[in-house]
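From just these sequences and the hints, can you work out the full model?
Protein chains in written order, with numbering that gives the first Met the number 0: chain A, 0 to 260; chain B, 0 to 124.
Hints listed in this document are in silico derivations from the structure and should not be mistaken for laboratory results.
Hints may contain errors.
What the hints assert, rightly or not - No farther apart than 30 Å at their CA atoms in a straight line, the calculated lysine-lysine pairs in the DSS-like style are these:
(1) A:Lys172 with B:Lys65
(2) A:Lys175 with B:Lys45
(3) B:Lys52 with A:Lys64
(4) A:Lys19 with A:Lys175
(5) A:Lys171 with B:Lys45
(6) A:Lys175 with B:Lys76
(7) A:Lys3 with A:Lys196
(8) B:Lys45 with B:Lys76
(9) A:Lys64 with B:Lys45
(10) B:Lys65 with B:Lys97
(11) A:Lys64 with B:Lys97
(12) A:Lys38 with A:Lys3
(13) A:Lys171 with B:Lys65
(14) A:Lys38 with A:Lys172
(15) A:Lys3 with A:Lys19
(16) B:Lys76 with A:Lys172
(17) B:Lys52 with B:Lys76
(18) A:Lys196 with B:Lys97
(19) A:Lys38 with A:Lys171
(20) A:Lys64 with A:Lys224
(21) B:Lys76 with A:Lys64
(22) B:Lys52 with B:Lys97
(23) A:Lys19 with B:Lys97
(24) A:Lys19 with A:Lys224
All values derive from a computational prediction rather than experimental measurement.
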Amino acid sequence: MEFKQVVGDRRTIRYFDPSKPVEIEKIQIMLEAANRASKSVNGDYARAVVCYRDELSESTLEQLKTPTTTVQLDLAPVAIFWYGSSDYVNTGQERLKQLVDVGALNSTHGWSHAYVDEVAYTHVVKPFSQDPALNLWMVSVECGQAIAHALLAGVDEGLGVALSAFNAEVAKKALKISDDMIPMWVMLVGYPAEDPKAGGQRPRRPLSEQFYRGQWGTPFEEDPKVTERLRQEGMIQAAADGGPARRQEIRELAERFGLPQ
Amino acid sequence: MDNTPGGSGSPAGIRSFTTVGQWLNRSGHDTQPAEVQARYLDVLAKFVDHDGKDPDELVAYCFLRKRDTGLRFVSSKRRVAVNESIDAFVTAQGWVGKEAVANANVIRSFLIHNGVFIQGKAWTR
Numbered sequence: 000m001e002f003k004q005v006v007g008d009r010r011t012i013r014y015f016d017p018s019k020p021v022e023i024e025k026i027q028i029m030l031e032a033a034n035r036a037s038k039s040v041n042g043d044y045a046r047a048v049v050c051y052r053d054e055l056s057e058s059t060l061e062q063l064k065t066p067t068t069t070v071q072l073d074l075a076p077v078a079i080f081w082y083g084s085s086d087y088v089n090t091g092q093e094r095l096k097q098l099v100d101v102g103a104l105n106s107t108h109g110w111s112h113a114y115v116d117e118v119a120y121t122h123v124v125k126p127f128s129q130d131p132a133l134n135l136w137m138v139s140v141e142c143g144q145a146i147a148h149a150l151l152a153g154v155d156e157g158l159g160v161a162l163s164a165f166n167a168e169v170a171k172k173a174l175k176i177s178d179d180m181i182p183m184w185v186m187l188v189g190y191p192a193e194d195p196k197a198g199g200q201r202p203r204r205p206l207s208e209q210f211y212r213g214q215w216g217t218p219f220e221e222d223p224k225v226t227e228r229l230r231q232e233g234m235i236q237a238a239a240d241g242g243p244a245r246r247q248e249i250r251e252l253a254e255r256f257g258l259p260q
Numbered sequence: 000m001d002n003t004p005g006g007s008g009s010p011a012g013i014r015s016f017t018t019v020g021q022w023l024n025r026s027g028h029d030t031q032p033a034e035v036q037a038r039y040l041d042v043l044a045k046f047v048d049h050d051g052k053d054p055d056e057l058v059a060y061c062f063l064r065k066r067d068t069g070l071r072f073v074s075s076k077r078r079v080a081v082n083e084s085i086d087a088f089v090t091a092q093g094w095v096g097k098e099a100v101a102n103a104n105v106i107r108s109f110l111i112h113n114g115v116f117i118q119g120k121a122w123t124r
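Rendered as structure tokens:
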């Protein structure tokens with residue numbers, strides 16, 4: 000699928016076909032997409048536990064279900080629990096020097112082994128990792144990029160995906176997560192039981208209300224011709240309106256799965 | 000619990016509670032055929048009879064207030080307790096399969112449309 004179409008097609012899918020299996024190779028593709036995301040210090044921030052619902056023991060699955068997570072875990076055949084790791088502090092020095100060696104970080108931009116050892120690692124990376132707020136910011140931003148890659152790869156593979164909060168305490172115990180992991184999101188994966196368009200794209204605000212040119216407050220003005228091109232290429236699609244067709248679809252899904260209406 | 004005709008434990012009486020009216024209105028159930036509404040109300044009426052709180056009390060039970068701000072929030076522990084009460088009720092009724100899931104979720108629908116974020120099982124077969 001073309002990139003713009005993938006971006007345009009992504010939705011938070013909330014109704015999965017619970018009995019349609021997800022091919023393991025598609026999960027591998029999603030994880031590799033996460034692995035290929037931009038990574039500062041070339042660190043491995045994003046960690047994940049892939050859980051096929053039907054492979055979990057009944058007791059583990061029941062532990063993971065809380066009064067706010069039961070429906071999604073019942074419906075999604077796969078749940079990927081994402082965590083953030085601060086391990087970059089242990090690997091950063093050597094990874095940065097490796098990037099120098101392979102020609103990614105070059106003297107043209109001031110990089111050298113000596114700079115890594117004496118400045119970049121000692122005065123930037125290490126102090127970052129020791130400041131809880133900075134560390135959380137760093138790990139979260141880096142994980143977000145990896146998770147977004149995995150989401151889009153899933154869409155590209157024809158899957159439905161969703162990010163959801165989860166009960167970190169319960170998951171830690173049930174999945175034997177190590178103490179140093181920072182909980183991020185659970186990614187639900189499966190084939191959509193709803194229309195993959197899920198009623199249309201979620202309402203978004205104009206670029207000019209969020210992005211600026213040159214200085215804060217000067218709106219970035221959209222070029223209508225570009226906007227039209229993005230419509231034609233699938234990045235911008237019809238917005239969700241919650242109209243009768245969508246309401247009817249939700250009623251039918253609720254009936255099918257016995258869900259509250 | 001008032002089990003007399005028109006009391007909170009009866010389908011007819013339960014409709015007079017504020018939270019039940021809100022549920023029917025907000026969910027659109029009040030536009031459903033009379034027999035569908037009657038079925039939903041019957042499930043809720045039996046549940047409140049089982050649980051021992053009237054509908055308004057049941058919703059109020061799910062919430063606590065922050066000591067410092069007075070703002071209302073859903074109590075996680077009480078939500079778990081309500082879910083357990085729903086499960087016990089469904090078992091006591093002898094409902095199984097999809098009927099059990101759907102009827103339990105009728106009660107959750109009542110709670111949801113009164114501001115209680117709560118989930119139970121989905122029927123996946």
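Hint consistency between Lys3 (chain A) and Lys196 (chain A) [alpha-carbon to alpha-carbon, up to 30 Å]: With Cα atoms ~15 Å apart, Lys3 (chain A) and Lys196 (chain A) stay inside 30 Å; holds.
Are the Cα positions of Lys64 (chain A) and Lys97 (chain B) separated by 30 Å at most? holds, 19 Å
CA of Lys175 (chain A) to CA of Lys45 (chain B), is that 30 Å or under? violated, 41 Å
Has the given pair, Lys171 (chain A) with Lys45 (chain B), been kept, meaning a C-alpha gap of at most 30 Å? Judged against 30 Å, a Cα distance of about 38 Å means the pair is violated.
Satisfaction of hint between Lys224 (chain A) and Lys19 (chain A), Cα-Cα up to 30 Å: violated, 41 Å
For the pair supplied as a hint, Lys172 (chain A) and Lys65 (chain B), is the alpha-carbon distance within the 30 Å limit? Satisfied, since the Cα-Cα distance of roughly 29 Å is no more than 30 Å.
Checking one constraint from the list: CA of Lys175 (chain A) to CA of Lys76 (chain B), max 30 Å. Satisfied? holds, 24 Å
Straight-line Cα separation of Lys38 (chain A) and Lys3 (chain A) no greater than 30 Å? With Cα atoms ~23 Å apart, Lys38 (chain A) and Lys3 (chain A) stay inside 30 Å; holds.
Holds or violated: Lys171 (chain A) to Lys65 (chain B), with C-alpha atoms at most 30 Å apart: holds, 28 Å
Check whether the Cα positions of Lys76 (chain B) and Lys64 (chain A) lie no farther apart than 30 Å. holds, 14 Å
Compare the distance between the alpha carbons of Lys38 (chain A) and Lys172 (chain A) with 30 Å, and conclude whether the hinted pair is satisfied. holds, 29 Å
Next pair to validate is Lys64 (chain A) with Lys224 (chain A); report whether the Cα-Cα distance is within 30 Å. With Cα atoms ~48 Å apart, Lys64 (chain A) and Lys224 (chain A) exceed 30 Å; violated.
Checked against the numbered hints given earlier, the structure breaks hints 2, 5, 10, 20, 24 and satisfies all the rest.
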